[in-house]
Amino acid sequence: MTGVGFSTAPQLAGLLVAIVLYAAAAVFAAIFHRHKTALAAVYPFCIVAAAVAAGAGLAALIADTSAGFRLPLGLPVIGLHIRLDALSAFFGLIVNLGVLTTAIYGIGLDRDRDLSARVEPFFPAYALAMNLVLIAGDAFGFLFSWELMSLTSWVLVVSRHRDAENRHAGHVYLVMAAIGTASLLFAFGGLAGAAGNYAFDAIRAAPPGPLVAGLVLAGAIFGAGSKAGIAPLHAWLPLAHPAAPSHVSALMSGVMTKVAIYGIIRIVFDLLGTPVWWWALPFLFLGATTAVLGLLYAVLDNDLKRVLAYSTVENIGIIFVGLGLALAFKASGLAAAAAVAMAATLLHCLNHSWFKSLLFLGAGAVLHSTGRRDFDGLGGLIHRMPVTAAFWLVGAMSISALPPFNGFVSEWLLFQAVLAGPAFPEPILRFMSPAVGAMLALAAALAAACFVRAFGIVYLGRPRSREAAEAHETARPQQVAMALLAGLCLLGGLFGSVAVSAIQPLIQMLAGAPLPATGTGPTPFSLVAFDAARSIYDAPTIAVFLLISGLLATLLVHRLSGRRTRLGPPWGCGFPEASPLAQYSASSFSQPLRRVYGATVFGASETIDMPQPGDDRPARLTVRLHDYAWELLYAAPARAVVRLSERLNTLQFLTIRSYLMLVFGALIVLLLIAAVWF
Amino acid sequence: MEETLTLLFGQTIQMFLVLLVAPAITGITRRTKASFMRRQGAPIIQPYRDLIKLVRKESVIAENASWLFRSAPYAILAFTWVAAALVPTFASGLMFNWAADAVALVALLGAARALLALAGMDVGTSFGGIGSSREMMIATLAEPAMLLVVLTMALTAGTTRLPEVAEFLISAPVTVRVSLALALVALVIVALAENARIPVDNPATHLELTMVHEAMVLEYSGRHLAMIEMAAQLKLVLYISLIACLFLPFGMAPANTGPAAWLLGAAAYLAKLGIGAMMLGAWEVSIAKMRVFRVGEFLGGAFVFAFLAILLAFLTREVLN
Amino acid sequence: MMTSVPLVIGIPFVSAAVLVLVPGYRASAAGNVLAMFATFLAGVSLLFVDAGASSYFIVDDMNILFIILNTLVGFTASVFSASYIGHEIETGKLTPLFVRFYHAMFLGMMGSMNVALTANNIGLMWVGLEMATLITVVMVGIYRTPSAIEAAWKYFILGSVGISLAFFGTILIYLAGQKALGEGAPAMTWSLLQAAAPQLDASLLNLAFIFLLIGYGTKVGLAPLHAWLPDAHAEGPTPISAVLSGLLLNVALYALLRFKMIVSAHPDAIDPGPIMIVMGLISLIFAAFMLYQRRDIKRLFAYSSIEHMGLITFAFGMGGPLANFAGLLHMAMHSLTKSAIFFAVGHVAQAKGTQRIAGIRGLSVTHPGLAIGLAVGVFAISGLPPFGVFMSEFLILTTTFARAPWLAIFPAFGLLVAFGALLWRLQDLLFGEPTEPAHKVSASSVPLIIHLGLVLIAGIYLPPTLVGWFERAAEMLK
Amino acid sequence: MNHAYDVSHLLAGLMLVASFALLYQDRIFAVLNIFAAQAILLSMAVGWEAWTQQRPHLFITAALALCLKGIIIPVALHKMIVRLGVHRDVEQVVGVGKTLLLGLALTSLSLMLVLKITVAADSFTREGLALALAIILLGMLMMITRRNAVTQIVGFMSLENGLILAATGARGMPLVVEVSVAFSVLIALFVFAVFVFRIRERFDSVDIEALEHVRGDTK
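Chains as they are written, first to last, in this note's numbering: chain A, 1 to 678; chain B, 1 to 321; chain C, 1 to 478; chain D, 1 to 219.
Derived by calculation from the structure, the hints in this document are not laboratory data. Nothing here was measured: the structure is a model prediction, and the numbers come from that model. Treat the hints with caution; some may be incorrect.
With a straight-line cut-off of 25 Å between C-alpha atoms, the simulated DMTMM-like cross-links for lysine to aspartate or glutamate are [claimed, not checked]:
hint, chain 1, residue 1, chain 2, residue 2
1, A, Lys-36, C, Glu-433
2, C, Lys-179, D, Glu-127
3, A, Lys-36, A, Asp-110
4, A, Lys-36, A, Asp-163
5, B, Lys-33, B, Asp-50
6, D, Lys-116, C, Glu-183
7, A, Lys-36, A, Asp-114
8, C, Lys-478, C, Asp-60
9, D, Lys-98, D, Asp-26
10, D, Lys-116, C, Asp-271
11, C, Lys-179, D, Asp-6
12, C, Lys-478, C, Asp-268
13, D, Lys-116, D, Asp-26
14, D, Lys-116, D, Glu-127
15, C, Lys-179, C, Asp-61
16, A, Lys-36, A, Asp-112
17, D, Lys-116, C, Asp-268
18, A, Lys-36, A, Glu-473
Here chain A stands alone, though its shape is the one from the complex (with noise of 0.2 Å):
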């Protein structure tokens, strides 16, 4: 009818295979809610779904499927488009790679303590929306779907509602989302335009122009951007992830958001035509800011959850970065640079899917053992569970971007793509790529000290409470579902370069180019951006190396040494000290970065009261942080939507003669403009 023609792929078969399992597993639940098994046969069944889709996924990335077909469905007349390609088949594996994980970890749940009719009936629901998202063919369908997203994770996040914190992190969460939608919804009316070609094959056959394109493409920063998490919109993903329980947390932070990521990528690589070279400013822009921000905010928090949850906003604005740069290499006819640009951020948001949903499982393990999320009850788990920390260490070095793990490839991919900055014709964009690369080291670099600190204060040291002490090392399949993943980045760092020869066709497809001299590298695994001679980065050879040095090391210390070794209280300098509390805090440890960041960017404030000698009162240091992002855009509009409903609502106590007076009013008015009008 739209020109969709019916064709369709074994490829789209197994995706629309796996969301009707999704379905399945949904309304099944839904009905048997009552009999825990049931609830708890949710997850194999999402296992299964999931390893079809994702796998259909793959397929259809590596043979660049693009099929599609229409359903007398949603809109009349336009109907409901179905549509595969590279790139809905890229994000579909990273959204179907995140579900298989957090379904194998949700096996592994407390049948008594975990499983309720709040959540396990939604999981499946969840994802299906997220599937929906990637293969809606038209505005209705994603906007349709983007929505349900929202809706069922909304249910997710309010499942512990007794707690007012989660209720209130809800409200702010659908609120925010739906504001976001509203703003997705400008954009497809501005690019489906007054005739109403609301199918994306109508869209890219006519393209919107210029003044138009800007609205849009403010549109869907907006709205995509607040979904993803983006500053100064953020505020709401570090209330609602947390809330959630763990994996659902994990799919929130680690998937979700690369479906927004996915929303930014179809509306402006894909339907609004031809780039400008200004477009990429708001990215640059916001981006950069986001990253540091992001990760500031992470490094001065002391709740586990959210750190994570910051630690993604800082993530999102990498993407941010890479798309920008991106879509300037693209305007400016750098193909070569944009392909680089693009192969970043994809690899990026494939990164950022695995660890952090590893990181949140991790967490969701600690939670679930002591029942504390905040950093001034945990401490020293390394002990009662060394494989969550050992494979917890994996994700935080992964996502500090350390080599050999895979954080560090997408890096790698971003500042070369940084260095090409000189090529471009504008000044101003010649000017932003440094600072945005000054920004992204920095980001690089604290985002080492927030992990650091993470992982020691929760992992290392001595338990800082009784829950603590008492941990216990988390159920078989939990494990499991960490392994995966932890392995998912060490492969991913070790052969990056596979996975870019992978998407080669997507590159191409969005950056117009594919990446130009992949496999011209001394070794097949060497990942080279523009040509080899002038960067390479070959992780397998680097891994070879540390190992064959660390055996060295080994060999050589055991061979002189007599490796005796004897266990003895801690020295600490001949002070040792009694109470766990007497450690190095989370807050003590952030105290320096505070010092050198926090009084610019959160107005931070110390005030000490230190009692004269005699007074026996304890002193006490009081911190006052300021979150702008919070209180402008969040607090501030809400106070002043009640003020203004409190001043209306006067009128809904006037007299009946007051009313009769409205009414004569709005007469009496019409009739005079009548009077002049006419």
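Chain A is fixed; fit chains B, C and D onto it per the hints.
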């Protein structure tokens, strides 16, 4: 085949060269300081002795130390060593120089640092915590600065591969550029901070609340301490050779040249190292240590310099093409 | 042709007359359900007899859907009343006599609404609307509590003023038609007026439209003419609130639209668009803000009705095929959803024994099914998928943005503000520690399920016939 | 035909004067009397229309107006007032002077409007319409400037008078309309009565200020 073997050979040489030279460099620095202070000071080979002694001693570990604490020193040494082995020293274009470019190099050092900081927190004493937190704070300023410096060089040379940068600087008639000068200053500051030298940290102190690096390694002893000391010395070498490679690569044997040229290169390299070490010593006696919270501003300066450098580099590129 | 129109109108009135005589409230309840079901069948049968217009009645694409909807919701509401009002007797809020009286009047009200919907003669349309209004006035006051009487009094005074103004507007329309169509009945027949619209007296049409807008607008509940609406909804029996929100507002708006057609069919007459846009936006945004201060659950949703009527008026003000289509769709969806919400609210009020929001907590713990019903209703009305309102709001906002970007900000703003309030209240009701008491729910939940089911289906799939009506009606509306 | 116009014009004008009198009057019985007078004038006007237009069925309306509004309702209200012991003088919200000025403004507005826009229609309709509109607006004005429920009812009914005047002024408007008006007025009265008595049960005055202390949604 023949050639590959030679390159492999060269690479191996470099690996062990840096390892062997490292303690001596520290020794030279200490010796220089001593003589500036009118002390006799320990002989240059003292660090070797210390290392041997440490290795031979039994190592005492806190009961509540974890596997991470025990394994960290090996990993730290490995990371630093690989990094040091990959920086072009006496010859460029060795077997595996290409494996890691400048960015990767920074990341390798970052990994080592992160592990050290974690190890510092493992036992759960407040000193370890102080050390780690300050180390990471310093890193958040030093690492970006370093990265920017590296990128500046890469920009001027049009590549992030250090050998190529060196080659470029050797071959190209280098007109002295402001950006390079700024970059040099920034890199030196970073090097001081990263190697825990005065004015950022004082390698010779203990039991002071001002210490950073030493505070992290307080709990280590015996062979573990030895490895960490070794890593620290390697790091010093690495930075000096990096500065040498980036700013005065002269005398370095160019790619695909035989062992003969390498000897010359090696000589030049050792000379550079020696000079670097002495200059470091001289610098350390000539100035005092800063308060920890002044460090932020100090390194902030490095960051600013580096940023200016890369900015100017971009502009010059603009002039060039 | 039009064989079933007499049935649609006749059945309710006749059976109302009968019910007055029937003793025993159970019998009268059953009679009510039966009669409404028959009416519903008659309404459906309109699909099979071909549409057409006589001098007094008309059935065309514009009203056929509304007639069916009217009879359907009337039927479900009567089912709901049967159980609900029974409960009111048990709690002693009503006496059996009043209940008989109630059922008879219910039928009378439905009958007069059907008159208004099927009327081709604008005088007749007016009569129908007014009878419906006056009957509902009495029903609102049926509990005879001080607040109920005050609500009814308010409703009555404002309603009668509305009546009179609308009537004056009708007279003006007649005068406008007099020239072209000659004196007597023809000048009051809508189809003829519509056909001859271009020859009518433009300036009289303008004046007429102003009076009709104020007059019928009072019934639609557009701010600032809305004052009667929240109290009437809050104080009357819940089934009546459902019918008020679900049907009476629609019927009034339908009447207004009929006149809009005539006016906008005239080249020189004023364009009703801007006026409707402004009034629509005022109602939408005003109601959205009022939601925040509500303490009474029924008043809350009454204001949400004002908000949606505003949105619909805005849509018709925008005009154009897409906006009109969306407006009609939204009317249908809103009447289904809102009546469903009021059914749910009725259950809640009976379960918790109060209408005060503060007294209702943790429904999702004590009454999960009811909680889901309420939540679905609220999300449906807030325009979240997978429900029908999402489609209409999607169309309204996108097409507005495509045509006048700066204008689209206002409805979006209003809707978001409203959503913030509704979600807030919904969370208060559903979550947290449950409050006492928690009775079992006695009233039937079938109507609720039927409505929400329909809304859900409409959100995913609109049958082509329906779409056909809407498109042709949208065409008529310009 | 000309004097036909004069007479109807005269009657309509007198009705308008009556409306002004209603606005001016502040003693409740006098209000009722004036209202009765206006109703009688209305019936005369309608009758005259019936005669001139040769539309005998309009006489019904005239009769309705005469009996119902001219006699029954005023008497009923009179009785009610006595029974309920409403205070005999009407408190006004706005002073008489202001009210009258407003009334004049409204009248001129309606005249201006109608005369300006209905150029096409014949003078006859125009005059009738203009005066009717004026009477309607004045009726509303009365409703919103008086506190007392009875006077509000009166105001509303004088508004109805204006409507009927307009309806009859419109030539050849079908009977259905008058019937409906009468019908609605009947209903109106009926409901009014019900309410007034209910109110009597609940509160001890017909002063609707007393009604407004509930106003729902108490904080």
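Holds or violated: Lys-36 of chain A and Asp-114 of chain A, Cα atoms, limit 25 Å.
The hint holds at about 10 Å.
Below or equal to 25 Å on CA atoms is what counts here, so check Lys-179 of chain C against Asp-61 of chain C.
violated (28 Å)
Run the distance test for Lys-36 of chain A versus Asp-110 of chain A: straight-line Cα separation, threshold 25 Å.
holds (10 Å)
With the threshold set at 25 Å, check whether the alpha-carbon distance from Lys-98 of chain D to Asp-26 of chain D stays at or below it.
holds (14 Å)
Quickly compare the C-alpha distance for Lys-36 of chain A and Glu-433 of chain C to 25 Å and report which way the hint goes.
OK: Lys-36 of chain A and Glu-433 of chain C at ~23 Å, within 25 Å.
Checking one constraint from the list: CA of Lys-116 of chain D to CA of Asp-271 of chain C, max 25 Å. Satisfied?
holds (19 Å)
If you draw a straight line from the CA of Lys-116 of chain D to the CA of Asp-26 of chain D, is it 25 Å or shorter?
At roughly 34 Å apart (the allowed maximum being 25 Å), Asp-26 of chain D and Lys-116 of chain D break the hint.
Next pair to validate is Lys-478 of chain C with Asp-268 of chain C; report whether the Cα-Cα distance is within 25 Å.
Roughly 15 Å separates the two Cα atoms, so the pair holds.
Check the hint pairing Lys-116 of chain D with Glu-127 of chain D against an upper bound of 25 Å on the C-alpha distance.
holds (11 Å)
Are the Cα atoms of Lys-116 of chain D and Asp-268 of chain C separated by 25 Å or less?
Between Lys-116 of chain D and Asp-268 of chain C the Cα gap is close to 16 Å, so the pair holds against 25 Å.
Next pair to validate is Lys-33 of chain B with Asp-50 of chain B; report whether the Cα-Cα distance is within 25 Å.
holds (18 Å)
Does Glu-473 of chain A sit within 25 Å of Lys-36 of chain A, going by the straight-line distance between their CA atoms?
holds (24 Å)
Violation of the numbered hints given earlier is confined to hints 13, 15; the remaining hints are satisfied by the structure.
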